[in-house]
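Trainee: Given these sequences and hints, build the entire structure.
Residue numbers (the numbering used here), protein chains in the order written: chain A, 1 to 573; chain B, 574 to 1146.
Simulated from the structure, these hints should not be mistaken for lab results. Treat the hints with care, as some may be off.
[Said to hold, decoys possible] Residues on chain B that point at chain A, a partial pick, calculated with CB under 8 Å:
hint, residue
1, HIS677
2, THR701
3, TYR810
4, GLU813
Where a beta carbon is used, it is the ideal one built from N, C-alpha and C, also for glycine.
2 protein chains.
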Amino acid sequence: MVKKTAEEFSKDQKEISVSEFFEKNKHLLGFDNPTKSLLMAVKEAVDNSLDACEEAGILPDLTVKIKNTKEDLFEVSVQDNGPGIVKEQMPRVFGKLLYGSKFHRLKMSRGQQGIGISSVTLFSQLTTGEPTKVWSKIESQKKTFYLELHLNTMKNEPEIIKQEEVEAPGLGASGIKVVMALHGRYRKTVEDYLKQTSVSNPYAKITFTAPDGTKTIFPRSLNELPKPPKEMKPHPYGVEFGILKRMLSNTSSRSIVSFFTNEFSSVGAQTAKEICKVAKITEEKKPSELVGADLERILKALQTVKVQRPPLDCLSPIGAGELEKSLKKEYPNAEFITTITREPSVYRGFPFLIEVGIIYGFQEEQSENTKSNKKQRAEEEEDTEKSETIELMRFANRVPLMYQQSACGLTESVKQVDWRRYNLDQRSGNLPSGPMKLIVHICSVWVPFVSESKEAVASYPEIIKETKLAIQDAARKLSSYLAGKRRAGEQKRRMQIFDRYAPEVAHALSILAKTDVKPVEKKLKELVASRIHIKEEFEEENGQPDTNEVKEVKPSVQPKQETKQTDLKKQNK
Amino acid sequence: MVKKTAEEFSKDQKEISVSEFFEKNKHLLGFDNPTKSLLMAVKEAVDNSLDACEEAGILPDLTVKIKNTKEDLFEVSVQDNGPGIVKEQMPRVFGKLLYGSKFHRLKMSRGQQGIGISSVTLFSQLTTGEPTKVWSKIESQKKTFYLELHLNTMKNEPEIIKQEEVEAPGLGASGIKVVMALHGRYRKTVEDYLKQTSVSNPYAKITFTAPDGTKTIFPRSLNELPKPPKEMKPHPYGVEFGILKRMLSNTSSRSIVSFFTNEFSSVGAQTAKEICKVAKITEEKKPSELVGADLERILKALQTVKVQRPPLDCLSPIGAGELEKSLKKEYPNAEFITTITREPSVYRGFPFLIEVGIIYGFQEEQSENTKSNKKQRAEEEEDTEKSETIELMRFANRVPLMYQQSACGLTESVKQVDWRRYNLDQRSGNLPSGPMKLIVHICSVWVPFVSESKEAVASYPEIIKETKLAIQDAARKLSSYLAGKRRAGEQKRRMQIFDRYAPEVAHALSILAKTDVKPVEKKLKELVASRIHIKEEFEEENGQPDTNEVKEVKPSVQPKQETKQTDLKKQNK
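Mentor: The structure is reproduced here in structure tokens:
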């Protein structure tokens, strides 16, 4: 064998463009099968539109259309009423990976990587050679800007095919319309995604036209936007050596104390001074003068000095009340609904928050539908999850997560809960079984996804712990409902027996006591009635009203968290 | 609420460097907990060393040292006897993400992304601020080149701290030594990884010094390198629109026929002409003249024209024989060992091949050890996999995959096999249970990993299918061994009964037949002996020898695949 030398090796060394990397690893972006690919195109556009509308303070009104142009070729069109994009930015927003406004800030949003929509341009040209087409209308301009572009994978830069100003009255005062052609396969997953999006974004109106022409409207159940989440500065608890070093060399603060108060969230002058003291650093020292050993002492000091937790206004949960309304709208026949919004917590200095919803007992028709959808997705993923288990719906920053369920930290949390304690069947280490849907939502200024396709949340221990606590809170409420239901059933059976034998017994007693039969029977009936009374009291406690009206129970066990619970009488039974 | 305009949005749009992206998403690179981080540092360096040695035709001799410098701070040092790296390339090899020699070619190797070792530099400076230190000796230079470097995350470029020529006699004729400091946690996982590496690379010698000073040597069991895998050109079956378009615009071929024969593997002139004919393209047409519609017709033609499958010499499996030897060395007390190497198959035009090994019945001590390791890893990953299931060892291009078992396509394949058909317990949808270790190895010119940390293989349907077939082949052999073992046990019990009652029965018969007892007893004993004979025949068939020597059985059912099977008598029972 001829020996290859170091010099020969060196000739092959080459830079790899990030677009080339993802073109070859397209499954990392979620383009690993035709069904997912089509969903990704819809999802990236819809997520961007919702982010833009919300941030601009506009109630979202989206129109999604999918056309099957031929065989496995689809055209996806998504239009919004957002603020639009200025023409100078359009090429890179749609035609360059790792470009965007959301990466370099700590603010809760759907997008965070600067990859999503450009990855669709990449996949679209890879499978069809077609350019991405974008119309953008901004308020300050009369005309709409039209752009057709490719992504140059060798350079990771946009390649403009055509650009011009046009009349496009359909876009109204402002908005974006994007049209992309790609290889795909149409399945109900797209509709499921939009339906779930509607649940977690009740203030958005989405009009969807499927390839067969069927039009579905997901209306608003809420006419105002949620309180917008605030941008935050890094929290000192999550800071790492390299980040601190970079912040110190980039800061314009003159002293280390002002550096801490200016560049971090939750650090006041007093805390900054305390950090300096523990780290044995003079308060007036310039940030640029610090060396490695100083940084190490600062990082150590941060482990002992008490710093306020991150600001909570940077998170915008759906809210237990709104989530419950959304669920009731979508599952009007559910027997029992409860929702929980936990207080925020922190991982790696990033605040996050968990919300959970439980829907118990729904009509078979829906359930069958769900099963077939689950089965279909399971087949696509070659998943072994059995269909008798509950349906788990995962969300991250209001975005439904449709794939990679088994790789997700939220799923892991559900499996780790001992559901038998809450009156549900569960095979050890699996999801529980039963006629139940479970919603788990994580909000964070930075959601750690297990891949660029953002389908599953990484299993950070703090996230697992909080998610389990949230689920347990909700499960306790379900459990007491189920226990009550069982008790009420037993009571009722016993009363029916009394009722049936009352005349017989009254008759026998009247003979024995040698009295008239009427008063005895009356007394017996009163006894039975008092039992019924007990049952009614129970129903009141557990919120089982006789109309279909919703009854809200005050939060009981957990005073600090918002909680909603509804028990709907099955109307159609 | 103040409305944010498109112009205001545009100010925040910014490019994101790939290093910034991965610094924030360090869990994508495998740095999501301290134990994994330390393993990643060892793994990336070892994988690179093995690749370099093999490609240079040098029998690998590696030295791995881990020091616990203070608290959670570790120093990882890996030295090899490879060809070394020329000094001009060193900064970018160790200090730039997406840079390397392996991405732009189709050749089986451990590295393929140009991310691995630079990601350790990134993580090291993030957690400790320390630079990566590299010594490189190449054969043509007298002195060793020493380099200390950081990675500038904003630019994704190396930042040289120090470079000089030094005397470093320890490196011999050529080699690399790399030293990296990082936050971590030491667990047996590192040793497990090296042990498994030794199994899949029997020609490598690895000397390992743990933080407590314990030195472990994993010796060679083989003194020559495997046949080196050949580089291949793309196979037309996997080509996509965008790739074909780029190849056409980059080619120096003058005609479409020569384009096909020059730029693709497995395409001869005849096939190229056939493709042109079906696609209705003149053979002499210049590649640059083709338009979108031509490309579409070519892609369609490729679905009907029969193209030879990709060349097989581009894959270098461990081999059933070598794998078996490795397993015997590592598990000398195993009761039964079988190995399978399948014929290569293709996904997306990339050839790949599956190997499987089964080790059945081993000593409790080992098993306990395994269990605690498994348990530990499960805890680190918050995994719900139960410990009574078999131990699965996954490999990709000879690299042991230590994490993300449940997200891996290879695991999925094991779960999809119906193990009850092969006499093993299995809960539906889980791994089987029993005293068994299962090895699954995928070799490919491009392994599709589910993340940049290369811990799990994506579930491409072709890969799942081939892996299941390979497992079933091996499981059949195990099953017939287990069935034989059970039958032999039953026979033996029956014979013992005959044997025990022979004198009694002979006595009674002799009275009834009024003959002498001796001949009757002799005939009865002969009968029993013939039963023993049957048993011995069975044992011979199934290769149960009376010494500890290995008996190799010829491949029987699958003529096309290499297969080894050993049944080792338990020596220490």
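Trainee: Which of the listed hints are not met by the structure?
Mentor: As far as the earlier hints go, only 3 is violated by this structure.
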